[in-house]
Amino acid sequence: MSYEFDFSFLNEYLPELWHGIWLTIGMTFVSIVPGFALGTGCAIGRLYGPPWVQRIVTIYVEGIRNTPLIIQVFWLFFGLAVLQVRVGPFPAAVIALVINVGAYTAEIMRAGFMSIPKGQLEAAACLALKPSQSLWSVQLPQAVERVYPALVSQFVLMMLATSIMSQISAEELTGVAYMIQSFTFRGFEVYLVIAVIYFVMACLLRLTLLGVAQVSFPRKRRLGTPL
Amino acid sequence: MNAATKISTATASATETQIMTRSDTPLVRFQGVRKSFGELEVLKGIDLEVVSGEVVALIGRSGSGKSTALRCVNGLERINAGALTVCGRELHSGKVDLRDLRQDVGIVFQSYNLFPHLTVEQNVTLAPRKVHKIGAAEARDLADTVLAQVGLSDKAKNYPEQLSGGQQQRVAIARSLAMRPKLILFDEVTSALDPELTGEVLRVIEKLAAGGMTMMLVTHEMAFARSVADQVVFMHQGRIWESGKGDMLDKPQTPELRQFVGNGL
Ligand SMILES: Nc1ncnc2c1ncn2[C@@H]1O[C@H](COP(=O)(O)OP(=O)(O)OP(=O)(O)O)[C@@H](O)[C@H]1O
Ligand SMILES: [Mg+2]
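If you're matching them up, the sequences are chains E and V in order. So in my numbering, the last spot in the first sequence is 227, and the numbers never skip. So in my numbering, the last spot in the second sequence is 265, and the numbers never skip.
All clues stand as given, with none of them false.
Listed next, the in silico DSS-like pairs over lysine-lysine satisfying Cα-Cα at most 30 angstroms (straight line): (1) E:Lys118 - V:Lys95; (2) E:Lys220 - E:Lys130; (3) E:Lys130 - V:Lys133; (4) V:Lys44 - E:Lys118; (5) V:Lys130 - E:Lys118; (6) V:Lys182 - E:Lys118.
For the record, the hints were derived by calculation from the structure and aren't laboratory data. The structure displayed is predicted, hence computed values, not measured ones.
Here chain V stands alone, though its shape is the one from the complex (with noise of 0.2 angstroms):
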């Protein structure tokens, strides 16, 4: 814990300068969040900031904490202490109005869990539709640009059985951006996939990177997370461990990290 607070501090010089270029509060700021499932406490005071545009990997040995943290991101679990805003909303103030919460909040899971009744272009429009009550037309204009947006244009009439795994993890995402989202948590999005897929799925992601778009991801895909992260995050046993740019993962300062990289690599 003592060379996790020295890291931190060291690699803050860095982080800042880069907040100061990007924009100015944070959109996500955890604050000595602690969350417990029963007598396991899980995060045990988290602290960390996400700033517009900025990318951030969150890695880690399975278990240490990863989806669970994302997960409070956008109200899934909910945190027992410390505090949490999102998007300008206190989440530790119990009193957000989650589904408000989640339009400014988009999530993809490792699953996909698409909608397997429906259309790849109904399974991107569904919630606009409900949810911001767009009209017909104004959807399908929507589903041709998120599509194009994760290649997938000659898609929208399949349906997801219809699809590669790789596919359908991207209709996920274009599903998610078609709520035009402030922020999209990816939680191991590509550990379903063979390598080429995941190739595939990354470059996506990588893209929206480059477009300015904020995200926490959770991934194991180490190079992706050194080459497009903006912030790397360790979490070690429901700690931050390590966190700094991407090439952190080059000179790990905690035998864990050194290890996990080593493994992980």
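Next up, chain E with everything else stripped away, as it sits in the complex (with noise of 0.2 angstroms):
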């Protein structure tokens, strides 16, 4: 039995695929921000917040890491229509990957500022910080810095999460390698370029976000210690 693999569609399709390289990585890139501070907002609120806050966190949270991401985007979509509110496949996309996101960052954030010990609170608030500026200048960095590996981990799962956006038509590049697979019937090469494309994206946004731990951390950068 052989198998002669096929790899012309590369050339053919080379615009369709460049398109949904660049969705794909739109999609995440503007998702990160938002889906962070999120995330961050709502770890502040479950731990600082007023009884209501804190239950609001909790129930969105868990609804939203108990369930799976293509109901959230359906939901989402669908709903969003039902309102009669018009937005395209794109910003759609984007903004369940932002809540998506945001429920897995709230318990990442959550774990980093609990990790900080309680001595140092202590010592801001003795230095008659305000809580809201021990929280930005004492606390969140150190959470950050703390997390930061499980942040990546998540941003990643988050990039290769958008695989499933072609299902609202958003066409990214899973979504353009089933078209072109559709076409040219070889799924099996189609699929393979598309699994590498998505490891070389993965590998550039761990390596990105790496980079903006330099920048972010010079201690880390200095000392290369943990916190």
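Assembly of the complex is requested from the two constituent chains, each provided in isolation within its own frame, with the hints serving as guidance.
Printed below as a string of structure tokens:
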């Protein structure tokens, strides 16, 4: 049994592939910052907020972490349609990703905040810093640095999870792959190529986030030791 | 308790002359201060005055309430009864702005509690920049000044983990000084250090004392308490059992202090 590999689709569908790659990268990068901000806000709310905030955050976080992403995406996409809100597939995908990654980030950041020794908070309060100043200048930088590897994994997972967004006709990389495959019937080669592209993108994302860490954590850059 | 009362009256005259030479109203005044944690009463009526420029050493066995007394002064613990006035603020009223109070009252902890992600200079200037809103240039000058006071001018750009315990503790003292407090509290600041490092930290505190800084310090360094403190306070079971000048340690009046000093020296 012999199989003739045929990668000629690469040439033929190159523009579509590029388009898919850019859409995947775009979705990922647009979602990271708001997702991180949402998650951090929720972590703070769950730790220090009034009881009603804690309750709402808990419901949100557990609701998201215990249902499939694709259901969340459908629910949001069709839900918005019911509410007569018109959003394109790309914004809908981004909103869904932000909401999803926000919930996971909230738990990661909560662990980060809780890992800071109580003495630090006491010292900050004794220096007459406001709670918000202590949070911003003392706790947040340490929390992020401590959980950074977990955050990176989470964001890489999120990038890989964009592969379901063709379900709401956001033609990201996996959507393009499906389309090429359905025209060429070269599924094996197509998905091999796509897997390699995802792998490279994941590595690039990790590298980028590592670079962000180098800039954001001067102590770590200089000493290389964990906090 | 009888003995304790007797002693404090006996030493009152000495303290009074001191007050006369130094300043008018005390910076800290405990009047019948009581503090409980749940069922456990930790401070059972504390009376104590600290005037400006005075160094007060709190000594006593573990669990006698020294840290609790100290922590009441900057509002880390709230008192349950009695009156506690610190830098003109009545803490017992429950209406004191703690952030305002803490600009006047610094504290140094046994475990340093430096911010590990910040350099020495950033540790020292964080609060002045955020609270007193000083600018970058002024912050640098301030860091130079206070780090020189603790003999660490060359460590400004280092991170806490690059310093020895003694150096970290001196940074913590500098961090406190940078807020220009009227009073600094020290809670067993040398207990985590070996004798050599203890010495370098105590010398810094001694220099501050000589410079007229008002200080309350919980310490197990009896020799240091005797030589540096204007007033030594021996706490026992939540009460001030004996108090007086440094030399009271040489002629303890109560069996409790005698035993404590016997073990401690
Ligand atoms: N936050 C707290 N909650 C409950 N109990 C406490 C608390 N802080 C202190 N205590 C108790 O109060 C008592 C006095 O504690 P405190 O820390 O003031 O003693 P100390 O004289 O400083 O002792 P040490 O020399 O061991 O530091 C102890 O029995 C302690 O267990
Ligand atoms: Mg103590």
